[in-house]
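Undergrad: Sequence:
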Amino acid sequence: MLIVDLRQVDPERPDAAGEYALQLTSALVRLAVHADVTVLEPGFEGALPSGELLLLPAGGRPQPGRRCFTAIHDSERVLAPSEAVGEALTRYLRVTADRVAIVRPGLEPGYSRTTREAAEAARTVFGLPQRYLLSFGDAGPAERAWAGATTPSEGAGLVMVERLRPDREQLRALLSGAVGALFTERLNGNPIRALQAMACGTPPIVADDGAFPELVRDGGLTVAPESTADWSEAISALYRGTALRRQLSARARELATAQTAEWAAREVLALI
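In my numbering, the protein residues as written are 2 to 273.
Treat the hints with care, since some could be wrong.
[Said to hold, decoys possible] Using C-beta positions, here's what the derived DEER-type ranges look like:
id	residue 1	residue 2	range
1	Gly141	Glu109	32 to 40 Å
2	Glu163	Ser113	40 to 48 Å
3	Thr91	Arg164	17 to 25 Å
4	Leu245	Cys69	41 to 49 Å
5	Gly128	Glu42	30 to 38 Å
6	Met161	Phe70	46 to 54 Å
7	Val30	Arg164	14 to 22 Å
8	Ile273	Arg14	29 to 37 Å
These aren't lab readings, by the way, just hints derived from the structure by calculation.
Glycine is no exception: its CB is placed at the ideal position from the N, C-alpha and C atoms.
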């Protein structure tokens, strides 16, 4: 059997889809020694073996292309991190529903809050304010939500992750030092960034649609995505409520502990 993700993935600075693929294939490599499985790293460019059972992890929005279509047609199963991505595979790439398997994101052992010193070092390297809110996705909605929030007049700030371009370890440190993590994206199909935030004890603020609610549950704050006022109020709540942050942080870490990459990999192996 062959496990492969054809997307080009930057191993140092992967996007959310790449992070999903890296975490999953890393766990599969470790477990595959006990099964008849060949695991190819994300972004594999060689010729695909014929006559194999191919599972293609689709970490994010499908990227059409002849090679991708060929792989999908040769696959017995195509993996997706959520129902939303699974539906996109059937709708846009015409993968039959019985060949789509939902395997939700998981994290490898050791992905947890860094030391306070490591978090402070990352904050200093990037020149961030003391109490920053880390934001993922489009800047526009995040900036509008921040503008309407009640936050400390000094030492607080909204930080867009895409503008920093941290590597994987730097991102973990930045998450560990943040007041919260903001995800204004609607209908998200791959919630692994929220899972990473939760593992670091950083409460996520997410939309109440897409794949976020099932993952975040009571380990963060969910809001109506179309309401800027609701986003602003959630930000305000995190900044004014120490007790709330501690409660959400503890619950987030508890929930994230159960979402392991090994668990996800075993879900894949169970498909064999």
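Undergrad: Each hint: holds or not?
TA: Status of each hint after checking the structure:
Taken as a hint, the range 32 to 40 Å holds for the pair Gly141 and Glu109, whose Cβ atoms sit roughly 33 Å apart. A hinted range of 40 to 48 Å is violated for the C-beta pair Glu163 and Ser113, which are about 24 Å apart. Between Thr91 and Arg164 the Cβ separation comes to about 35 Å, which falls outside the hinted range of 17 to 25 Å. Look at Leu245 against Cys69: about 44 Å separates their beta carbons, and that is inside 41 to 49 Å.
Checking the proposed 30 to 38 Å range against Gly128 and Glu42 shows it holds: the Cβ atoms sit about 34 Å from each other. Hint check: Met161 to Phe70, Cβ distance near 34 Å, so the stated range 46 to 54 Å is violated. In this structure the supplied range 14 to 22 Å is violated for Val30 paired with Arg164, their Cβ-Cβ distance being about 33 Å. Separated by about 32 Å at the C-beta atoms, Ile273 and Arg14 satisfy the suggested range of 29 to 37 Å.
Hint compliance for this structure: hints 2, 3, 6 and 7 are broken, all remaining hints hold.
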